Amino acid sequence: QAYNCLIHFYKRYLQKMAKNTSSNVFRTLDVDQYNEDNYKEDNDSTDPAALGPNDTLITSLLAANKPVEALTHLLSGATLGIKDQAARTASLTLAMRVLMAIKVSQIDDAVAQLDNESRDVLMKFIYRGFEVPNEGSSAHLLVWHEKVFTVAGVGSIVRVLTDKKRV
Amino acid sequence: MTTVHNFGVSPISCHSWSGDRKSLALSQNSNEVTLFSSSGSDWKQTGLLDQHDLRVTSIDWAPKTNRIVTCSSDRNAYVWVLDDNNVWKKTLVLLRINRAATCVRWSPEENKFAVGSGAKIISICYHEKEFDGWVSKHIKKPMQSTVTSIDWHPNNILIAAGSTDFKVRVFSSFVKDVEARPSPTEWGSKMPMGYLMKEFSNSSAGGGWVHAVSFSPDGSKLAWAGHDSSISVADAANDMLVMKLKTNLLPMCSLTWIRPNTIAAAGHNCVPYTFIVESDAVKLGSAMEEDKKKESSGKTSAMDLFKNKDKLGQNELETKLNFTHQKQIAEIRIVGGQKGDVDTFSTCSLDGKIVVWNLKTLAGQMKGLKI
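Just so you know, the protein sequences line up as chains P and R, in that order. Residues are numbered in our numbering as their position in the first sequence, beginning at 1, plus a constant of 856. Residues are numbered in our numbering as their position in the second sequence, beginning at 1, plus a constant of 79.
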């Protein structure tokens, strides 16, 4: 009987040890965050209240068949560095609506009346638009891309890649 | 007018001229530095500095004391002095860094030099008499990433450093063993060693490695080139106003001041550009070379295509860039004159050429040149 007791305890011991070695919880701990040498991102001074472009104004302008005005408002609004993913997606959807609403013949004028900052933001939207294509959007975006590139040059494309605050 | 000096097909990663501008030190993307002296229109190799184990990242030739300092990815720097037998003798500098050295520059008075590195440290090196060697002091905080470029303020104390943490910083490198306490400048009055005088972020949009920094000739302004294709100038005399120009071009890798308010910058565009600094803005000047595109009819005929294939052995008609340099420019160096009053400057490129640009003759040739 003493022997059975021993076997029992031994089995329980093995079970415990087996459980311990199969536990991988420690692997989910990110030790790199505790490294002092880590590059720390600048604390964003983005106003958390700025959750994206003015939705209502832009939608009403689109409804009133004034897409170029809508574009100006879209690009001068707070579109960069939005933290909330849902807000970011909504911003992109709105931007695509505006870009699609502007006819090819209107694009040249639309681009010409923008300032340099706005053109950089526009280029960022164009590339994001390429990432999520839908029914002929890419073809229209390609025209946009060509027109903006003619005015803003390679520099605007470089900034799509290097700017950390994305659209 | 440009003078082209061809050194083969290997990229020239860095170069530096001797004080009398008759000799040139350059490195062709290797662990060696070759010294050339001009004899007529040709270049004769007069020296080989081959002590480094890994790629040489930067060379600086002190004009007055005639000493060369080289630094490399092997975490070392050497100071080379020409002895009586015309042999270059090396002295190892103890940088005490555990990453590659990226850039090195002598101070204006040539009694110190600063080495930037991937260890997020700037080593300020000076000669210790008792030890009879070069010792280094570290500037560490608050750099968060590799130091890519360094430039000295004319007062021999302040240095500007650009980094891949998207920031430009002005530090004091005051070494009390070597120099007297400096008088205040527009950058501040307290200047203990390693003190951060000012820090600038390259972009409010948060990105862009800083490739090159340069103080204006009087030291009151600081210009830098960012990888976001921008040129920025901070004016310390004007309340630290930062003027930024986001260009339509590819990023610049090197820049210097050719006039009190004009910057020459060059980089991935393969041709130098001038930028005019006004009181509250930086404006694009012009390219220093005209696009030498021949009048092409637009569509090339099939006949032309085959003609060229037969004659030149190439499939495409135009693979050559229409500029003197065929690859990106790595470094700009002043040859004739000094910062703010430059007559000629040189550019070294990954195409193996060093081109010397003569501002006077260029201004005569190019009507659109804005200096």
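For the record, the hints were derived by calculation from the structure and aren't laboratory data. Please read all numbers here as calculations on a predicted model, not as lab measurements. Where is the CB? At the ideal position from N, CA and C, for every residue including glycine. Worth double-checking, as some hints may not be accurate.
Said to hold, decoys possible - Derived contacts from chain R toward chain P, CB cut-off under 10 Å, selection only:
1) N235
2) S283
3) K325
Hints versus structure:
1. For the restraint placing N235 (chain R) at the interface with chain P, the shortest Cβ-Cβ distance is roughly 31 Å, beyond the 10 Å limit, so the hint is violated.
2. At a threshold of 10 Å, the smallest CB-CB gap from S283 (chain R) to chain P is about 8 Å, leaving the interface hint in force.
3. The beta carbon of K325 (chain R) comes within 6 Å of a beta carbon in chain P, closer than 10 Å, and the hint placing it at the interface holds.
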